[in-house]
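Colleague: Line by line, the protein sequences are chains B and F. Residues 1 to 222 in the numbering used here are what the first sequence lists, from first letter to last. Residues 1 to 222 in the numbering used here are what the second sequence lists, from first letter to last.
What the hints contain is simulated information worked out from the structure, not anything from laboratory work. Nothing false has been slipped in among the hints.
Looking from chain B toward chain F, a few residues come up when the C-beta cut is under 8 Å (computed):
1) 67
2) 91
3) 132
4) 135
Quick caveat, the model's predicted, so the values are computed rather than measured. Glycine included, C-beta positions come from ideal geometry on N, C-alpha and C.
Number of protein chains: 2
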Amino acid sequence: MALAYDYNEVHFPPIRQRNSEPVNALFRMGLTMAFAKDEEIYGQDESADLIYRVLEGAVRTTRVMADGRRQIGEFYLAGDLFGLETGPRHRFSAEAVRDSVILVIKASVLRSSGGEFERLGWEATRQELERAQEHVLLLGRKTACERVASFLKGLSDKSGGDLVVDLPMGRQDMADYLGLTIETVSRMLSQLQSGRIVSFCTTRRFRVVNPEGLARLADQAQ
Amino acid sequence: MALAYDYNEVHFPPIRQRNSEPVNALFRMGLTMAFAKDEEIYGQDESADLIYRVLEGAVRTTRVMADGRRQIGEFYLAGDLFGLETGPRHRFSAEAVRDSVILVIKASVLRSSGGEFERLGWEATRQELERAQEHVLLLGRKTACERVASFLKGLSDKSGGDLVVDLPMGRQDMADYLGLTIETVSRMLSQLQSGRIVSFCTTRRFRVVNPEGLARLADQAQ
DNA sequence: CGCTTTATTGAGGGCGGTCAAAGAGCGTGG
DNA sequence: CCACGCTCTTTGACCGCCCTCAATAAAGCG
Chain B
1 MALAYDYNEV
11 HFPPIRQRNS
21 EPVNALFRMG
31 LTMAFAKDEE
41 IYGQDESADL
51 IYRVLEGAVR
61 TTRVMADGRR
71 QIGEFYLAGD
81 LFGLETGPRH
91 RFSAEAVRDS
101 VILVIKASVL
111 RSSGGEFERL
121 GWEATRQELE
131 RAQEHVLLLG
141 RKTACERVAS
151 FLKGLSDKSG
161 GDLVVDLPMG
171 RQDMADYLGL
181 TIETVSRMLS
191 QLQSGRIVSF
201 CTTRRFRVVN
211 PEGLARLADQ
221 AQ
Chain F
1 MALAYDYNEV
11 HFPPIRQRNS
21 EPVNALFRMG
31 LTMAFAKDEE
41 IYGQDESADL
51 IYRVLEGAVR
61 TTRVMADGRR
71 QIGEFYLAGD
81 LFGLETGPRH
91 RFSAEAVRDS
101 VILVIKASVL
111 RSSGGEFERL
121 GWEATRQELE
131 RAQEHVLLLG
141 RKTACERVAS
151 FLKGLSDKSG
161 GDLVVDLPMG
171 RQDMADYLGL
181 TIETVSRMLS
191 QLQSGRIVSF
201 CTTRRFRVVN
211 PEGLARLADQ
221 AQ
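Go ahead and model the full structure; you've got the sequences and the hints to work with.
Modeller: Given below as structure tokens:
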């Protein structure tokens, strides 16, 4: 189970939002918790009265079909909010991709505080919707190669456009996010590498060799 | 272009939301407009300062890639709200699937009115997110047959669980929503029909012959 | 270093896409 | 009312992208 975590040792990552002041104020009310790799943060169909922020590590939301097929809804990295995804009950479960520290606060604080925090929750939900819609386009109309390229570009963009990027998740998680199999993901990565688009230092870290080429593959979408 | 529409002739469909009173109050402020089949209601990258409600007809939101590949984000039928999908600018365009009557109101009314309406906007956005997440699961992990079955079941559920259901859209729209081609959609419909799951009276109207079978195909997802 | 887990690569197959043609639906006008 | 032409839908034949199955290689981890 989750362990209590010393608040003082936690590093607060910057928040990617228009006006971060209220967010930071809000999250001083929260409780920090540590989760081990693959540990569940909340379950499918659990009531959704908490919201979360990743302080360290990475989180995935997943949905598993009766026969075991798995779809990852989204990944959340340090600074990201998650858990607003739905109404009274969660449709996806959330798990730590690796050892992570999560800040937890009551959603009712957002709802009942009136004005400022209310808008914050709406704004964050909107951002979630935007990401889900990008995901729909990726899954509905992109080829395997374009999906993997989009994914790598997304990670690169998130890390401030850095050319050397860490992959927080394994190949299986990538596959389940991209609607592919682990073998296809692996093949596409090899293909991108031999095409001098990216270059893998280790299995979990790559360098963007040709940013324009990567963007061209990823963003056929207008 | 859109024509002005006589307010008094408009039939107000019931709203599917927890507490419909504020919604109905809100929408007395709006302006009704008529759109012809395939007419654009708003464009990709247009600023998103209006929200919309379908009074009559049907609407689709679409995203077109540089090479012409098209993805439909969602369909909206009578009673549905749409246009909240994103931040300052729309990521998808919206078009009338067929001749439709749309109620339009300023989003700023929602944002600035404080309290009641604010929560309404959040709630609607949340519902949008939920639908987008279902869509992600469908596109990421369901087979062609399951996608089509899910789609038909969704329509049936929306029309109050009726066994005879009208299809508001053509095959191409279905295909672009389901991430398939028009031929595959057509083949799956024929397959569902020969499997005694559904039965098509006309190309635009079907009857659910075997509701359990349809649900089984559609809802492998837990 | 040995064991387990994870990733890569190869060979072959199937689901869904592509291309093409025939059929159905539907409005317009004779 | 039927003829005509257009669009939409269905069906067939074939192909290719991605999946499946399997073996090897690499990476964690004690």
